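Work the whole structure out from these sequences, hints included.
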Amino acid sequence: MLSLLIFLPLAGAVLLALLPRERQAAIRWAGLAASLATLLVAARLFQIFNPASGDMQFVAHATWVPTLGIGYAVGVDGISLVLVGLTAVIFPLALLGSWGSITERLKAFTMSMLGLETAILGTFLSLDLILFYVFWEAVLIPMAFLIGLWGSENRRYAALKFFLYTMAASVLMLVAIIALHVIAIDGLGERTFDLARLATLSLPPEVQGWLFAAFALAFAVKVPIWPLHTWLPDAHTEAPTAGSVILAAILLKLGTYGFIRFGPTLFPDALLAAAPLLAALAIIGILYGALVSWAQTDLKRLVAFSSVSHLGFVMLGLAALNVQGFQGGLIQMINHGISTGALFLIVGVLYERTHSRLIADYGGVAARMPRFAAVFTVVMLSSAALPGTNGFVGEFLILLGAFRTSAWWAALGAGGVILSVVYLLWAYQQVMHGPLVAKHPDRLVDLTRRELAVFAAIIVMIFAVGLYPRVLLDRSEATVNAVLARLQRPAATAVTVSPR
Amino acid sequence: MITPPAFDLTLVAPELIVFGTALVVLMVDLWLAAERRGVLIAVSLLGLAWAAWMAAVAPDGVSFAGMYVRDALARAGQLLALGVTAAGVLVAPEYLRRGGLDRGEYYVLVLVAGAGAMLMAASRDLLMLFLSLEVLSIPLYILAATARGNPRSQEAGMKYFLLGAFASAFFLYGVALLYGVTGTTRLPDLATAVARLGSSAPAAAGLGLLVIGLGFKAAMVPFHTWAPDVYEGAPFPAAAFMSVVAKVGAFVALLRLFPLTLGALADQWRLLLGVLSAVTMIVGNLAALTQTGYKRLLAYSSIAHTGYMMVGIAIGTPAAVAAVITYLAVYAAMTTGAFAVAIALERGGGEADRIEDYSGLAGRAPLLALATAVFMVSLAGLPPTGGFVAKLGVFAAAVEGGGPGGLALALIGVLTSVISVYYYLRVAYVMYAGEAAGMVRIHASPLVNAVVLLTALVVVQIGILPAAVTAFAQQVGGLLR
Chain A
1 MLSLLIFLPL AGAVLLALLP RERQAAIRWA GLAASLATLL VAARLFQIFN PASGDMQFVA
61 HATWVPTLGI GYAVGVDGIS LVLVGLTAVI FPLALLGSWG SITERLKAFT MSMLGLETAI
121 LGTFLSLDLI LFYVFWEAVL IPMAFLIGLW GSENRRYAAL KFFLYTMAAS VLMLVAIIAL
181 HVIAIDGLGE RTFDLARLAT LSLPPEVQGW LFAAFALAFA VKVPIWPLHT WLPDAHTEAP
241 TAGSVILAAI LLKLGTYGFI RFGPTLFPDA LLAAAPLLAA LAIIGILYGA LVSWAQTDLK
301 RLVAFSSVSH LGFVMLGLAA LNVQGFQGGL IQMINHGIST GALFLIVGVL YERTHSRLIA
361 DYGGVAARMP RFAAVFTVVM LSSAALPGTN GFVGEFLILL GAFRTSAWWA ALGAGGVILS
421 VVYLLWAYQQ VMHGPLVAKH PDRLVDLTRR ELAVFAAIIV MIFAVGLYPR VLLDRSEATV
481 NAVLARLQRP AATAVTVSPR
Chain B
1 MITPPAFDLT LVAPELIVFG TALVVLMVDL WLAAERRGVL IAVSLLGLAW AAWMAAVAPD
61 GVSFAGMYVR DALARAGQLL ALGVTAAGVL VAPEYLRRGG LDRGEYYVLV LVAGAGAMLM
121 AASRDLLMLF LSLEVLSIPL YILAATARGN PRSQEAGMKY FLLGAFASAF FLYGVALLYG
181 VTGTTRLPDL ATAVARLGSS APAAAGLGLL VIGLGFKAAM VPFHTWAPDV YEGAPFPAAA
241 FMSVVAKVGA FVALLRLFPL TLGALADQWR LLLGVLSAVT MIVGNLAALT QTGYKRLLAY
301 SSIAHTGYMM VGIAIGTPAA VAAVITYLAV YAAMTTGAFA VAIALERGGG EADRIEDYSG
361 LAGRAPLLAL ATAVFMVSLA GLPPTGGFVA KLGVFAAAVE GGGPGGLALA LIGVLTSVIS
421 VYYYLRVAYV MYAGEAAGMV RIHASPLVNA VVLLTALVVV QIGILPAAVT AFAQQVGGLL
481 R
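Protein chains in written order, with this note's numbering: chain A, 1 to 500; chain B, 1 to 481.
If you are wondering where the hints come from, they were derived from the structure by calculation, not from laboratory data.
Don't take every hint at face value.
[To be verified] As a list, the in silico SDA-like pairs of lysine to any residue whose alpha-carbon atoms are at most 25 Å apart: (1) Lys161/A - Lys159/B; (2) Lys161/A - Ala433/B; (3) Lys161/A - Tyr422/B; (4) Lys161/A - Ala214/A; (5) Lys439/A - Arg103/B; (6) Lys161/A - Arg426/B; (7) Lys161/A - Leu370/B; (8) Lys439/A - Leu289/B; (9) Lys161/A - Leu286/B; (10) Lys161/A - Gly360/B; (11) Lys159/B - Gln291/B; (12) Lys161/A - Gln291/B; (13) Lys161/A - Leu415/B; (14) Lys161/A - Arg103/B; (15) Lys439/A - Glu153/A; (16) Lys439/A - Ala287/B; (17) Lys161/A - Glu356/B; (18) Lys159/B - Arg103/B.
Keep in mind that this is a model prediction, so the values were computed, not measured.
Printed below as a string of structure tokens:
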């Protein structure tokens, strides 16, 4: 089941390779069909998932490289399920959203997108550390190509910066994975990279600290946590619309997912010790991201920096290390995927029509594009966490969780909520209201039916999560409790690690 | 009355077959019309296939008074050498015809060098190792200078020969020193004799000189400076062949000499080799960053990969030995493939040896470009290709068996790999993003295409399903236990 889910998009990409590249319509439809088929499988998984259990489900095991103890192990729990669902939903929308804007090398583009989907799903579902790392790194190649080939003027610089930045951090995680494996040879008496087996080790705090630092660095760059965020504005701004959507909606979640998946499971003591630091960096990120967003002149950069702020909220929730914080963080991951993905699509709609991303080049757009204005309003309010939208549920839970740990955290975080309203409303006002400012007013035609369909799906999700979040909360609750239980575990018999 | 030592010709059948094939090719070429040279290729490939079969099935054993050994390491080295020799034969004909260099001797030299690498893998005596090294090297000097009308090729051949002869002299002097203090050149006796000496300056100097001799062949820093110039001047097929066959020979010999023979004395050489490997990784990768020529890029890349494999030699545990064998197989496939792509291209009647010549290749030859992208991703050590499996094996062995020093080597290794991503992916990027390069023509030779396809399949296969290769490599590591 899970292997089917992971490799279905890749199979689609391989079939797509057989199509002649002149047949653009066929390629578009085939790409969409493959991502929709993946969505169907994911929906079925959502349906048959047992929410009462906090354990891994649908686990599949196979040996892969027996001499090194590497296995192929996949499984899903309440946390990865939710993120898999997000991935499966966002990909068809991103493909639809770039329906008209990509005409050059369309076949390679669609194949990169599908390859990327396989890599992302694999990252969320891997239970073997090397398998996880393989998928984690495999994400970089199609993503760098998406930025580097279909991006705007500065794409080469942005693609390289993205690649080198994230890879430099993740190779240290690889060394930490190997070190963990070597410790396990002594501690468990077997060669394994299996997460469930490695979780039974209890490491001395000092070792945990070093290994967690290496893991955390890789994840922190991906999230990105301030001050490691500098690759993000460039990558987001230069990427094509579909690339920005995937990058913001899903790729950043790989980092936060990594914290949830590996922090409490492998390094509980180190995570407890690092939580205040993570919270501090998260709060700086929330405020800094919001303030810098406010100062942007480029609409896409504004949305990019708002990601830094929103992901700061997710990290704040995770750093609270309680049920509300974790669940809020998880919901906020989904929300950010939906809302920021939608914001990038909105910028894409404007850019496709006028080829400008500068806020100063727009004004009074609402008058020419009324349907677009309505969509923009809803998405903006969801991003600003208005009650009734998805954003409210996430940020409320996060602040609740943060408050239970420290009232200061919650107070500072709440400042970010206000700032986010400020920069979003400011941007909306500049672009949509006031006198008409546009170089080519005739090009500002309202949303097409295809675009409307994409946004309709997004708006349904915004209100669905906003009004009835139990669909997601129920499915993740048992897992979150199980994960957090690992933090309360009394220190078991420690393994002694001697330098060999 | 001297009684000749007992020897067993069936044991050396693989090498005999390759030498025999070389002689047959040399003879047949005399009577062959120029347009029927294809026969030479067929004969060479048949001989190599036969030798590979014999190498795979022949039993283990020691012969020629202990000078020659056939074990898992010898078998691995021989199969690798046969594979790269076959690729060396296959990539040449179309290029040679194009350049007016089409002579039968080319194949003879390739076959003899391949046989030299095979003998290095099976040497159990320092003198035998020296002779094999020369059998490998001398044809390579000539191959570098095959383009007789081209002064750059002449320069490359001369430079390679002079420096190579110098390195061989170092090696021989090392053998002499070791013989002087131990009274033997047999590897098993050497191990016990050196151990008995304790710390002895002549023995240490002798070992150091052996490292210099082999390090030169493997293009280890600081004995690497010849590589970029020689690769650049040598004809493309010759550069492709020498970049892999010399590596196979040198690394199999290093494995035989250090972990397998002198494993008990690891304290004496581990630090030296570890430092050399770190320096090689750093210098190779940093120097590759600024290259604009494809050949020079691959030359520095080959130096960098020498550094990664040296990590395995320096660590010297069974897992590390197995990792080096896997690495050699992956390196041979991806480097041969990366060169073969270049052989298929031509710019203005000459070689397409600038990175910018690959600009826009994806639009003109999508499959060739895809294969090149696979080679570049693998050379950079990214999953899901063989390059990742190779590096993972070496670094895992370093962390496991190397203590703090091993951890440091692994860290240097992964960080320099990040640097390498920059220059490898630049090639992939210009292929997909650049405008089609003018003056560059694509010669679709079926033989070269076959090499590109096969090496790409090997790289991907080892990346996705490495179990078969690692299991074979583990047998070699098992020799240590």
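Results of checking the hints against the structure:
A hinted pair counts as satisfied when its Cα atoms are at most 25 Å apart, and lysine 161/A with lysine 159/B does not qualify at roughly 39 Å. A hinted pair counts as satisfied when its Cα atoms are at most 25 Å apart, and lysine 161/A with alanine 433/B qualifies at roughly 17 Å. A C-alpha spacing of about 10 Å is found between lysine 161/A and tyrosine 422/B, which places the hinted pair at or below 25 Å, so the restraint holds. Taking the CA atoms of lysine 161/A and alanine 214/A, the gap is near 20 Å; set against the 25 Å cutoff, the hint holds.
Simply put, lysine 439/A and arginine 103/B have alpha-carbon atoms about 68 Å apart, too far for the 25 Å limit, and the pair is violated. For a cut-off of 25 Å, the pair hint linking lysine 161/A to arginine 426/B stands: about 13 Å separates their Cα positions. In summary, the hint linking lysine 161/A to leucine 370/B is supported, as the alpha carbons are separated by about 23 Å, within the 25 Å threshold. Of the supplied pair hints, the one linking lysine 439/A and leucine 289/B is violated, its CA atoms being roughly 43 Å apart against a limit of 25 Å.
Taken as a hint, the lysine 161/A and leucine 286/B pair is honoured in the structure, with Cα atoms around 18 Å apart against an allowance of 25 Å. Using a Cα cut-off of 25 Å, the hinted pair lysine 161/A and glycine 360/B holds, with the two alpha carbons roughly 22 Å apart. Proximity of lysine 159/B to glutamine 291/B is assessed by CA-CA distance (about 21 Å); at most 25 Å being required, the pair is judged to hold. With a C-alpha separation of about 20 Å, the suggested pair lysine 161/A and glutamine 291/B falls inside the 25 Å cut-off, and the hint holds.
Under the criterion of a C-alpha separation no larger than 25 Å, the hint pairing lysine 161/A with leucine 415/B is consistent with the structure, at around 15 Å. A C-alpha spacing of about 48 Å is found between lysine 161/A and arginine 103/B, which places the hinted pair above 25 Å, so the restraint is violated. Restraint check: the Cα-Cα separation between lysine 439/A and glutamate 153/A comes to about 20 Å, which is no more than 25 Å; the hinted pair holds. At roughly 49 Å between alpha-carbon atoms, lysine 439/A and alanine 287/B are farther apart than 25 Å, so this suggested pair is violated.
The straight-line distance between the Cα atoms of lysine 161/A and glutamate 356/B is roughly 21 Å, inside the 25 Å bound, and the hint therefore holds. Of the pairs offered as hints, the one joining lysine 159/B and arginine 103/B holds, with about 23 Å between alpha carbons and a cut-off of 25 Å not exceeded.
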